[in-house]
Amino acid sequence: MAGTSTPLTQLQKLARRSTAVSVRNVSRACASQNRNSKTDQPKDFIRPNKLAYSGMRSSSVVHDYSLAKEKSRPVVSFYNQTAIDAAATKPSVRLTPATLLYTGKSPDGNHLLRSAQYLHKELPVRVAHRIAEFRGLPFIVGCNPTILQVHELYIRAFHMLSEFPQVTDRDTELRYCRLVKGLLDDHKDIVTHLAEGFRESKKHIKDENLIHHFLNRTLTSRLGIRMLAEHHLSLHQDMNDFIGIICTKMSLRKVIEKWADFAREQCEMRYGFTPRVRINGHTGATFPYILQPLDYMLPELIKNALRATVESHLDTPHNLPDVVITIANSDMDFVIRISDRGGGISHSHVNKVFLYHFTTAQDSVDPRVTGGTFGALTNTNNGPTAGPFCGFGFGLPVSKAYAEYLGGSLVLQTMHGYGTDLYLRLRHIDGRHESFRI
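Heads up: the sequence shown begins at 0 in numbering that gives the first Met the number 0, then just goes up one per residue.
To be clear, the hints were calculated from the coordinates, so they are not data collected in a lab.
Quantities reported herein were computed from a predicted structural model and do not represent experimental measurements.
Idealized CB from N, CA, C, for every residue including glycine.
Check before you lean on any hint, since a few could be wrong.
Subject to a maximum C-alpha distance of 30 Å in a straight line, what follows is the list of computed DSBU-like cross-link-like pairs (lysine-lysine) [as the list claims (entries may be wrong)]:
(1) 187 <-> 253
(2) 187 <-> 202
(3) 202 <-> 104
(4) 399 <-> 205
(5) 180 <-> 257
(6) 89 <-> 180
Computed spacing ranges between beta-carbons, pair by pair [said to hold, decoys possible]:
(7) 138 <-> 216: 13 to 23 Å
(8) 80 <-> 277: 41 to 51 Å
(9) 98 <-> 330: 11 to 21 Å
Whole structure, please, built from the sequences with the hints as guidance.
Structural data, given as structure tokens:
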């Protein structure tokens, strides 16, 4: 009929009703998050150099106030359906790591303007794609308060990014950096929220594949967005052997040693003992790579090997077999093999280990295992991966999704009763061979 408004989808109606009821809680959470932003560090990214943002901190108080005010506004006050729909139809422009590596830095600082202008155009499109995915969830899943909260975070982020003025000079670029850094902080717990929300909704999910594909797309898109954003912010830093987030001379052995030490320390705290980790193969290999994806995957994969080893040798805790990590480097890619003698995975479970919310840790019922599961190891908040894999059965599926997003693979081979080998294969990013796009 003429004069009638186009009916909203059920999810939009629910979002408006939910926000009207919970706006005070959302506002308080956003205000609290804003107050704590100076002390809270993102759990899943490198900590930015404080000096890198000295220029950003000098931005006007008026801008800070307006940013805080935007965060506290209810989502429905700026839910622009038309703008989101228009942005969601646009394709994302994905860059190769080699593009980021070889564009480098310019003495006049124009590289910062070009990078910010790319993000200014690209981020709203990618966020709109995620909003469209949330709208496509089954109604009963989209109604979950935790998932709806994440949906609202994306809507708010789209509004703030799309309405930011064009980046034309150093001042607007610095203000844009403040906005991007604030949104990274706001979204740092999204993986945990999604894990909680889908666990709560699991009994209502009829199509496991739909949810699996949704989580794969959402989490890999999030990884890409955060890498691009962190790369731009890191261009403000002057660090040896780094161009943005790309380490130009990464020693894979040193990265593995760092996360092996972290995982062993947590294992020692939980069990009172821990296996040794031996690293062999091409231990002297160095090459350009992005550290963040490895900082996601390695702690989880090493943790699984340590847990399996300890829990299968509780009667001989002082005679544990080593976890062996082997590095193989070639011109096209590199492989990390993590081998344990932790008893392997049963035939009934082996096809489920890459499913979200599946974990073999819950099978450990021996009272000698403190807390019953090593899956909660990363709840200690002692490292950048503490938080995303909080015992929800997300570790292996997220690691596999990340590996495939990065043009590689994660393959498991197990011998039930003996042990398991994990093969993480990733492509080089030096541009000499075909690579992935971020």
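Legend entry - Violated hints, by number in ascending order, as checked against the structure: 3 and 8
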